[in-house]
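What follows is each chain in one-letter form.
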Amino acid sequence: VSRKWTRRPGLIAVALVVLVFSALILTTITSVIWPGEAKVFAPLFCDDAQPDAFVVRDTYTSGTGETAMNFTLYCVGPRGDHRDAGWFGPFLVMTVANAVVIVLLVVALVAWSRFRRKRRPPSSRRITSTSDAIT
Amino acid sequence: VLALTVLLSGCVGVTDRDDFAAEVQRRGGGVTSDLVSGPMDQLRDRLGEDDPELLALSITPSSRYVALQVRDPDERDNVDDYVSRNGHLGDPEPVRVSATDDLDSRTFRVSQLPALDRLEDVADDSIAALGFDDAYVTSIDVSITAGAPGLRVSVGSPRATGTATFDADGQLLSAVRA
Numbered sequence: 002v003s004r005k006w007t008r009r010p011g012l013i014a015v016a017l018v019v020l021v022f023s024a025l026i027l028t029t030i031t032s033v034i035w036p037g038e039a040k041v042f043a044p045l046f047c048d049d050a051q052p053d054a055f056v057v058r059d060t061y062t063s064g065t066g067e068t069a070m071n072f073t074l075y076c077v078g079p080r081g082d083h084r085d086a087g088w089f090g091p092f093l094v095m096t097v098a099n100a101v102v103i104v105l106l107v108v109a110l111v112a113w114s115r116f117r118r119k120r121r122p123p124s125s126r127r128i129t130s131t132s133d134a135i136t
Numbered sequence: 003v004l005a006l007t008v009l010l011s012g013c014v015g016v017t018d019r020d021d022f023a024a025e026v027q028r029r030g031g032g033v034t035s036d037l038v039s040g041p042m043d044q045l046r047d048r049l050g051e052d053d054p055e056l057l058a059l060s061i062t063p064s065s066r067y068v069a070l071q072v073r074d075p076d077e078r079d080n081v082d083d084y085v086s087r088n089g090h091l092g093d094p095e096p097v098r099v100s101a102t103d104d105l106d107s108r109t110f111r112v113s114q115l116p117a118l119d120r121l122e123d124v125a126d127d128s129i130a131a132l133g134f135d136d137a138y139v140t141s142i143d144v145s146i147t148a149g150a151p152g153l154r155v156s157v158g159s160p161r162a163t164g165t166a167t168f169d170a171d172g173q174l175l176s177a178v179r180a
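Chains as they are written, first to last, in our numbering: chain A, 2 to 136; chain B, 3 to 180.
In case anyone wonders, no lab produced these hints; they're calculated from the structure. The reader is advised that the hints may include incorrect statements.
Unchecked claim - Taking lysine to any residue pairs in the SDA-like style, the calculated list, with each CA pair at most 20 Å apart, reads:
| id | chain 1 | residue 1 | chain 2 | residue 2 |
| --- | --- | --- | --- | --- |
| 1 | A | Lys40 | B | Gly15 |
| 2 | A | Lys40 | B | Glu25 |
| 3 | A | Lys40 | A | Val94 |
| 4 | A | Lys40 | B | Val14 |
| 5 | A | Lys40 | B | Ala162 |
| 6 | A | Lys40 | B | Pro54 |
| 7 | A | Lys40 | B | Cys13 |
| 8 | A | Lys40 | B | Arg19 |
| 9 | A | Lys40 | B | Asp20 |
| 10 | A | Lys40 | B | Thr17 |
| 11 | A | Lys40 | B | Leu175 |
| 12 | A | Lys40 | B | Val16 |
| 13 | A | Lys40 | A | Ala50 |
Claimed, not checked - Some but not every residue of chain A turned toward chain B, in silico, with C-beta under 10 Å:
| id | residue |
| --- | --- |
| 14 | Trp35 |
| 15 | Ala39 |
| 16 | Ala50 |
| 17 | Pro52 |
| 18 | Arg58 |
| 19 | Phe72 |
| 20 | Asp85 |
Keep in mind the model is a prediction, meaning the values are calculated, not measured. Virtual Cβ for every residue (Gly too), placed ideally from N, Cα, C.
Isolated chain B, as found in the complex:
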């Protein structure tokens, strides 16, 4: 009985971490709109600002990790990093800003990006445009490109990787295999 117990220990009904990650990828990577809406709601409450100014927004759906770079509404030259894990927004970490950094040219607001409300479609369009087998979204980055906010979606698969870019409304601009 003891030998059986040792043999069976931790075996019945469990999934190893790697297999779990593979299952998440098999289902598409885990992109849902609440990845952004959840942390943003908390950020609004924290800052007392309806539409905070962002400099960067990065999403890693497989680990439910969202990184935000935010301008302080009271001191707009102050920039803070926020990280959200599993839907819980952490404390701000100050960011060093150089004298030559033009923050205004990099600033965007979530309200300028309707695509963030339908991230599921963005993920599906990225995977369809790149046409990889067993593809999944590895990350989504939001930033100002050529003067306008847009999304850059990284897609992975067992045999290839690629990037799809979208405008603020979620229209596909390009899909390039790496």
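Chain A with its partners taken away, still in its complex shape:
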């Protein structure tokens, strides 16, 4: 952690809020397009007795003609016995996973840009201060 961050705890809080918000938005979008993503994390919710995960879609049509969908993760056993694992838990785990992906992407981008800056030959560096201009 750079000194800039340790000196400004407010920056960390803002970064965390942005991260949580971005992860929630990303999870909302991905869970609408690919609800089956929850099955990736099924081992966290399904035990060995009911190891097969299904994301079940319920579709409702309201009186005004609007269509709504509900998703539920089910753990299913070999005899068809099943347990409702809900959707809140899987959604939360997907959000955490997406937050980790976002952090990794940001770290990779920062590292890449620093690497590029270091590799640039000194002659091609832009003059950023008067001291650079004098030297």
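Given the coordinates of chain A, assemble chain B onto it according to the supplied hints.
Then chain B, alone, in the frame of chain A:
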């Protein structure tokens, strides 16, 4: 991209409710012994009674739904309905009992029915005895019949339905196509 998003919305990796129900049926209907043992454990804790007196026990495995009619151990003439969904036992609902209802003649205890500890075998035996293709258990009802507790297993299939009856030990008594 927007059109693709709308087209793909809720499509990737999901199973529709009807298809899920069909998958449960394809695997046999979902009969496992914990359908009874789970709610009974909760009922024992709730009543403080090791072996509560029951008047009826009905299991719908496809929805993990168990209905129990129970005599209050403190006031034995009081009867309550309990429902268990997904393994969670709900609150008791009082049942009206008529003056002519002979509760004692309908009362049984789970300890009298060893078959409830091996419901998987009961389900398999029912399906085998009826011999339907793609058969699955739709419900199991426990009650007193001809003075003894027994099980009545309803079996469904795309082309036929039937009923198998078992004694308290899980011995097959009859299997009849409807």
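Status of each hint after checking the structure:
1. A:Lys40 - B:Gly15: Distance ~8 Å between A:Lys40 and B:Gly15 Cα, so the pair holds.
2. A:Lys40 - B:Glu25: 17 Å, holds
3. A:Lys40 - A:Val94: Holds, at about 11 Å.
4. A:Lys40 - B:Val14: 11 Å, holds
5. A:Lys40 - B:Ala162: Given that 20 Å is the threshold and the Cα spacing comes to 35 Å, the pair is violated.
6. A:Lys40 - B:Pro54: 40 Å, violated
7. A:Lys40 - B:Cys13: The hint holds at about 14 Å.
8. A:Lys40 - B:Arg19: 16 Å, holds
9. A:Lys40 - B:Asp20: The given pair, whose Cα atoms are some 19 Å apart, holds under the 20 Å limit.
10. A:Lys40 - B:Thr17: Holds, at roughly 12 Å.
11. A:Lys40 - B:Leu175: 43 Å, violated
12. A:Lys40 - B:Val16: Roughly 9 Å separates the two Cα atoms, so the pair holds.
13. A:Lys40 - A:Ala50: 16 Å, holds
14. Trp35: 4 Å, holds
15. Ala39: 8 Å, holds
16. Ala50: 8 Å, holds
17. Pro52: 13 Å, violated
18. Arg58: At 4 Å from the nearest chain B Cβ, A:Arg58 passes the 10 Å test, so the hint holds.
19. Phe72: Check passed: Cβ of A:Phe72 comes within 7 Å of chain B, closer than 10 Å.
20. Asp85: 5 Å, holds
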